[in-house]
Amino acid sequence: MKINDVPQDGNILEKSGEVRDVCYAVDENGEYKQVISVGWEPKNEAINYAWSLIEEESELIKRDVISGKLSPLAYHIHRSVMTPEILSSYTGFTKREIKRWCKPKHFMKLDNDKLGIIARVLKMDIEQLVSVE
Amino acid sequence: MQLDFKHKPSGHCENGVVSNLLGFYGINISEAMVFGLGSGLFFAHMPFIKLHGMAVTSFRPLPGAIFSRVMSLLGIKMKRYKFRDKEKSMIALDKILLSGTPVGMLVGVYNLPYFPKEYRFHFNAHNICVIGKEGDVYTVSDPVVVDKCTLTYDELKTVRFAKGTYPPSGRMYHITDISHKREIDRETIRKSILLNCNRMTKIPIPMFGVNGIRFLARRMRRWERGMGKKRAALNLAQVIRMNEEIGTGGAGFRFIYAAFLQEAANTMNMPELRRFSEEMTSAGDMWRDFSYNAARMFKKRDGDTITYDILAAKLMKIADKEELIFKGLEKLMRDAG
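Residue numbers (our numbering), protein chains in the order written: chain W, 6 to 138; chain F, 21 to 357.
Next up, chain W with everything else stripped away, as it sits in the complex (with noise of 0.2 Å):
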């Protein structure tokens, strides 16, 4: 890659914080400097592909939840790009305990001390947690 190719496609990078892409290239001599880069437009379309597809499945979920047969849980596992196995370990709960509640009716047994513990796990609060809007 020559220093001139660096791409510098910012739809990510540039839009939150300092995070950059150091990259090395060649300038007309031949001789590797190092670039910052803003990022590259194929890296930025792999990622949005694979939010674009998280985003669709939690939508098929919402539907599921509003028609009563998955709780908000479900949901906010698949958003939050959780599963119940990594969530078990945030938050102490065994995996079983945690797939129990993306059931409604185990759902609403929950109290809201257990809530509190896996909505800071979740960074949201408790009515966010309850619900899907």
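What the hints contain is simulated information worked out from the structure, not anything from laboratory work.
All C-beta atoms, glycine included, are put in the ideal place defined by N, C-alpha and C.
Any given hint might turn out to be false.
Chain F is faced by these chain W residues, among others (derived, beta-carbon under 10 Å) [said to hold, decoys possible]:
1) 31
2) 36
3) 47
4) 51
5) 92
6) 94
7) 95
8) 98
9) 104
10) 128
11) 131
Simulated coverage check for chain W against chain F, where a stretch passes if three residues somewhere in it have a Cβ under 8 Å from a Cβ of chain F [to be verified]:
12) 10–23
13) 39–46
14) 54–67
Position chain F relative to chain W; hints supplied.
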């Protein structure tokens, strides 16, 4: 308390932390040289390890491998820690930091506040260096950030104990003794290149090195049939992210290694290495071409002719190219020994 620590951003987090840490002790080694001495170029496609439910593709050796190797080559003593107890890990960090020692550590990026939201997935092998503390705010040198940044006590604790695949478990490391430091000589570099040749061409398991690239290519041809369009594209997206992601970039690694070969050509006084550097640059360009074409899959319109077979064929070519480079390098290094 702030240490007099010079923060330099770098292409890969582990090299960057190592290079910056050494700089603190007055040992100036470029990121590319750290990467090369650490025999850091690698490829692995491991279906039995999952990240987000998909096979892990990695472009580097296990986290920490570059660091350990470079330190032992330089004769520098270091200490590593791993914790079960979160509070104890923070107390240990404070104690070492306050004694005037910068501390490198492994963190997960999922909860890293200064990372763009889009980048935060359960990736647990990011390296940062803690270089100061005021009240309960830590000063952090993160190689993928332009300037020094900060994390609160709670934020740092959370990312040190991130969960998921390969949890960091509070792992941290620091330099303890540089009094037996050795210079980097021709022989050290020669051996490091040979080790990298071995890793890329001689591991007899099909998941690693150039054979790993072929393994991924063969699996890729079957993705669409096996799991449908969406999942296939998602798997591809994960490969691209690993290929290009900050601090892990596969194509980028080829360029860093090329920069290392260029530097080695001077240090070893072997101009032939410059030709290999150029070859490695074109391997990097081929990886970028692969990513560029793979991205067409994500917004595929009617009439776009890109297929997984075409992408797999590109990978096969890359594997051939890199095999040729490393076989050639190996011969050159053996003859020079």
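Comparing the hints with the structure gives:
1. For residue 31 of chain W, the interface hint holds, the least distance from its beta-carbon to any beta-carbon of chain F being 7 Å, beneath 10 Å.
2. Restraint check, residue 36 of chain W versus chain F: the minimum CB separation of about 7 Å is within 10 Å; hint holds.
3. Checking residue 47 of chain W against chain F: minimum C-beta separation of about 3 Å stays under 10 Å; hint holds.
4. With a least beta-carbon distance of about 4 Å to chain F, the hint placing residue 51 of chain W at the interface is held under the 10 Å criterion.
5. With 10 Å as the threshold, the beta carbon of residue 92 of chain W comes within range of chain F, its nearest partner Cβ sitting at about 8 Å, so the hint holds.
6. For residue 94 of chain W, the interface hint holds, the least distance from its beta-carbon to any beta-carbon of chain F being 4 Å, beneath 10 Å.
7. The closest approach between the C-beta of residue 95 of chain W and any C-beta of chain F is roughly 5 Å, which is under the 10 Å cut-off, so the hint is satisfied.
8. Hint on residue 98 of chain W is violated. Least Cβ distance to chain F is approximately 13 Å, over the 10 Å limit.
9. Because the closest C-beta pair between residue 104 of chain W and chain F is about 15 Å apart, greater than 10 Å, the hint is violated.
10. Using the Cβ-Cβ criterion of 10 Å, the hint placing residue 128 of chain W at the interface with chain F is satisfied: the shortest such distance is roughly 8 Å.
11. Look at residue 131 of chain W: its Cβ only gets to about 20 Å from chain F, farther than 10 Å, so that hint breaks.
12. Coverage of the region 10–23 of chain W by chain F holds in this model, with 6 residues showing a Cβ closer than 8 Å to a Cβ of that chain against a need of three.
13. Under the rule that three or more residues need a Cβ within less than 8 Å of chain F, the assignment of the region 39–46 of chain W holds, with 4 such residues.
14. Only when three residues or more bring their CB closer than 8 Å to a CB of chain F does the claim for the region 54–67 of chain W stand; here the count is 4, and the claim holds.
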